[in-house]
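Novice: Listed below, chain by chain, are the residues.
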Amino acid sequence: MLSVEGVSVRFAGISALSSVSLAVAAGERLGVVGPNGAGKTTLLNVVAGLVRPAAGAIRLDGRPLTGLAPDAVARAGVARTFQSPRLFSRMTVEENVRAGRSLDAEPWLRLVGLLPRRGDLAAALPPGEARRLELARALAGAPHVLLLDEPCGGLSAAETEDIAALLERAVTPATILVVVEHKLRVISRFCQRVAVLHLGEKIFDGPPTALRADRRVLDAYLGKARAS
Amino acid sequence: MSDYAVSLLVRIGVEAFVALSAYLLLVIGRVSFGQQAFFVIGGYAAGIATALYGAPLAVGIMVGAVAAGVAGALLSAVMAPVGGIYFAAGSLAFGELVRVALLSFHYQVPVGADLTGPAGADGFRGVRALFTGGVSATAFMLAVAGLVALTFLAIALLLRSRWGEAMRMVGEDETASASLGVRVRRVAALTMAGAGALAGLGGGLFVHYVTYIEPGHSDVMLGVHSLAYAFIGGLGTPLGPIIGVALDIGLLESFRFLAGYRMIVFGGLVMGLLVVRPRGLLDEVAVHRLSRLVAWGRR
Amino acid sequence: MVDFLQALVDGVMLGATYSLLGLGFTLIFGVLRRLNLAFGPTILVGIYAGSHVGLAWPGALWAVVAATVVAAILCGIYVERCSFRALARQAPVVSMISTFAVWMQLQELVSLFEASRTMPYPSPAWLPALTVGPILLRSDALLMWSGATAIMLALFVLLYRTRFGTAVRAVADSSEAAALMGVNVSIIGAAAFLLASTVGGLAGVLIAQSQQQVTPYFGLWATVKGLTAMLLGGAGSLPGAVAGGVILGVVETQTLWHFGGQWRDLASFALLFLVIALSPRARSEPTL
Chain P
1 MLSVEGVSVR FAGISALSSV SLAVAAGERL GVVGPNGAGK TTLLNVVAGL VRPAAGAIRL
61 DGRPLTGLAP DAVARAGVAR TFQSPRLFSR MTVEENVRAG RSLDAEPWLR LVGLLPRRGD
121 LAAALPPGEA RRLELARALA GAPHVLLLDE PCGGLSAAET EDIAALLERA VTPATILVVV
181 EHKLRVISRF CQRVAVLHLG EKIFDGPPTA LRADRRVLDA YLGKARAS
Chain F
1 MSDYAVSLLV RIGVEAFVAL SAYLLLVIGR VSFGQQAFFV IGGYAAGIAT ALYGAPLAVG
61 IMVGAVAAGV AGALLSAVMA PVGGIYFAAG SLAFGELVRV ALLSFHYQVP VGADLTGPAG
121 ADGFRGVRAL FTGGVSATAF MLAVAGLVAL TFLAIALLLR SRWGEAMRMV GEDETASASL
181 GVRVRRVAAL TMAGAGALAG LGGGLFVHYV TYIEPGHSDV MLGVHSLAYA FIGGLGTPLG
241 PIIGVALDIG LLESFRFLAG YRMIVFGGLV MGLLVVRPRG LLDEVAVHRL SRLVAWGRR
Chain Y
1 MVDFLQALVD GVMLGATYSL LGLGFTLIFG VLRRLNLAFG PTILVGIYAG SHVGLAWPGA
61 LWAVVAATVV AAILCGIYVE RCSFRALARQ APVVSMISTF AVWMQLQELV SLFEASRTMP
121 YPSPAWLPAL TVGPILLRSD ALLMWSGATA IMLALFVLLY RTRFGTAVRA VADSSEAAAL
181 MGVNVSIIGA AAFLLASTVG GLAGVLIAQS QQQVTPYFGL WATVKGLTAM LLGGAGSLPG
241 AVAGGVILGV VETQTLWHFG GQWRDLASFA LLFLVIALSP RARSEPTL
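Chains as they are written, first to last, in our numbering: chain P, 1 to 228; chain F, 1 to 299; chain Y, 1 to 288.
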């Protein structure tokens with residue numbers, strides 16, 4: 001169980017998250033949506049230990065993660081991807097998956113279909129393959145919590161479908177999955193639950209089907225999307 | 001082999017250690033202008049061990065490497081979490097700090113009829129273990145060459161290992177490395193200690209070859225050259241800095257008509273190369289292509 | 001108490017020139033986000049040029065000043081072309097390495113023309129020394145302080161009261177935003193470099209007339225002082241660089257008075273270390 005309890009984050013006095021609480025159980029897949037600047041990436045950064053919350057606590061199975069350095073959070077079983085993939089471009093595809101850990105990269109490379117490219121430098125990969133490689137790297141540590149920051153960002157419809165199918169196969173029933181995503185279609189495809197952030201506050205938490213009926217969400221998120 | 005050739009090769013070998021030292025830090029993304037300080041610390045410590053306390057040559061040189069490694073570890077307490085221009089500025093200051101501190105470092109004990117040991121600005125003379133030990137210059141040169149080869153091999157193997165993977169990850173993206181569980185600070189601290197020890201090894205060899213060392217040997221230009229060697233030869237392999245040293249000392253220095261203009265030519269070479277190949281001749285892409293070629297040839 | 005005050009006054013006067021060096025560093029670093037380590041050596045070349053002019057035409061102080069500043073500016077243009085403009089697409093650290101390659105060249109250039117390792121530099125000997133109560137104000141120090149203060153005032157008027165200055169500060173704040181507002185970022189970058197070289201050359205004149213001599217070691221010395229002043233002031237803040245320079249000057253003269261000459265440099269390096277150890281910014285700095 002990953003629990004975010006009343007977490008607030010401020011950057012230079014401006015509130016990025018205000019008193020957000022969430023609890024995600026093992027095997028649950030939570031989608032986090034919201035317009036730009038809603039605090040989605042900040043939420044992931046705070047869980048991953050990159051950003052210190054001004055208030056609140058984060059716990060994994062009761063164990064506090066708040067205040068741990070990012071590498072300690074990672075070793076506690078939290079893996080993540082980034083909004084734009086952060087690969088080690090001067091290392092090979094295989095080295096990127098292994099990433100200094102003692103593990104066999106081969107099954108993960110096979111899973112994401114990059115086995116033929118294992119010896120190439122990561123810099124040579126096109127965007128779609130780069131996303132898949134970063135996903136393989138996050139999955140390879142067999143994490144308890146998987147935080148994905150727009151795993152389909154910038155991808156074509158076919159590539160998005162690939163990633164979604166990949167996630168269906170790869171995520172074990174014991175994994176806690178949190179996906180930040182712009183595209184509601186992706187979220188409703190494999191998340192049982194959706195949280196909506198707006199201006200740093202959680203304004204909705206429930207099944208995707210209830211999303212379209214929620215007044216606040218329509219005003220804050222969809223309303224804005226229609227207008228733009 | 002002529003005396004000149006032997007001394008040239010020893011110099012290449014000695015500077016190769018400082019260049020490899022700077023290279024190790026470049027692998028973890030840190031630009032150090034201060035590796036000359038560890039070179040000098042190693043030289044002083046090795047000289048003290050053999051000339052003042054009668055340690056055998058090999059032990060003395062080990063003492064130098066260990067002392068410089070410890071100095072690197074101590075410095076890492078401040079500098080391990082620091083990156084970018086701050087690391088560059090701090091290492092520059094550290095190099096000068098050591099030079100200035102050695103100017104007032106007096107530690108002389110009677111050895112035989114004379115006082116021997118570091119004497120402030122006058123330096124540290126009379127480190128004669130190489131000659132009293134009866135080691136010929138050629139034998140010493142071969143030993144230095146062997147040590148360079150061993151060090152190259154060790155670094156090449158290290159960089160292929162899990163540890164080396166972590167180092168290269170830190171050198172490219174500390175945030176992504178940490179998010180994969182790499183203890184960035186520990187990697188940086190251990191690398192700084194190792195880099196210090198390597199430069200110190202060079203210093204220990206140097207002081208015994210020329211029999212003296214002085215604060216002025218912690219010249220910022222030594223540190224800068226060492227850095228430049230890696231950027232010339234390439235950052236993709238520990239062979240890069242060694243190629244850089246050989247190119248500068250072996251080639252440029254032996255062109256007599258360059259006398260007086262060598263730094264201008266060398267500086268221009270570095271500047272031009274940075275424009276065309278910002279990570280040197282043998283950068284990661286070149287090394288990757290070459291290793292592919294070799295693998296293909298074997299098939 | 002008098003010792004303390006005397007050292008404080010000396011420190012403020014010395015520190016004013018450090019402030020100038022720090023401002024030169026900050027102008028380049030603030031606008032281009034890249035470090036010019038050859039800043040000291042470009043001033044070194046300027047001072048050597050001035051020294052040679054002073055030897056050739058004794059008494060022609062204006063010619064000495066002009067030669068110093070012009071040579072420093074020419075070297076600055078060379079650095080800007082080779083290490084900054086040519087490397088604009090590379091990582092900032094590549095520029096920093098390149099400036100050190102230029103440093104090597106300038107250092108050797110100076111030694112090609114030097115008659116001896118220590119070159120004399122003329123100073124206006126007719127200026128009187130002042131005494132205010134028990135405090136002695138040496139004429140060269142007074143000139144150093146008043147000159148530096150005048151240059152700083154002019155610089156701050158230029159940067160805070162003119163359209164050009166507004167553009168420079170806008171680029172320093174965010175080059176993307178400035179470009180969107182129609183500022184020509186690359187021209188402003190080159191102009192900031194020129195301005196920094198001019199300030200550096202003038203600082204060189206003030207320092208050299210006080211020391212009345214120059215050695216090739218000056219290049220490293222000036223770079224370390226300017227860098228320390230800039231980092232003390234928060235790396236990028238113009239008023240911060242002024243304050244950083246004065247703090248450095250005062251720390252140096254106080255240690256000189258109380259502990260002796262060999263501690264002076266140790267203290268200034270220790271100060272730089274302290275800044276790096278304590279600065280939260282140093283820890284978030286991206287690497288190569």
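Derived by calculation from the structure, the hints in this document are not laboratory data.
Glycine included, each C-beta is placed from N, C-alpha and C at the ideal position.
Possibly wrong hints are sitting among the right ones.
[As the list claims (entries may be wrong)] Covered, in the sense of this in silico footprint (three residues per stretch, anywhere, with C-beta under 8 Å from a C-beta of chain F), are these stretches of chain Y: (1) 8 to 22; (2) 61 to 69; (3) 139 to 146; (4) 224 to 237.
[As the list claims (entries may be wrong)] FRET-style restraints, in silico, Cβ to Cβ: (5) Y/R169 with F/R162: 34 to 40 Å; (6) P/A72 with Y/A179: 49 to 55 Å; (7) F/R186 with Y/Q213: 44 to 50 Å; (8) P/G113 with F/R289: 57 to 63 Å; (9) F/A119 with Y/W263: 56 to 62 Å.
[Unchecked claim] Cβ-to-Cβ under 10 Å is the rule here; a few derived chain Y residues that face chain F: (10) L37; (11) E176; (12) F273; (13) V275.
Novice: Check each numbered hint against the structure and report the violated ones by number, ascending.
Specialist: The structure conflicts with hints 1, 2, 3, 5, 6, 8, 9, 11, although it agrees with all the remaining ones.
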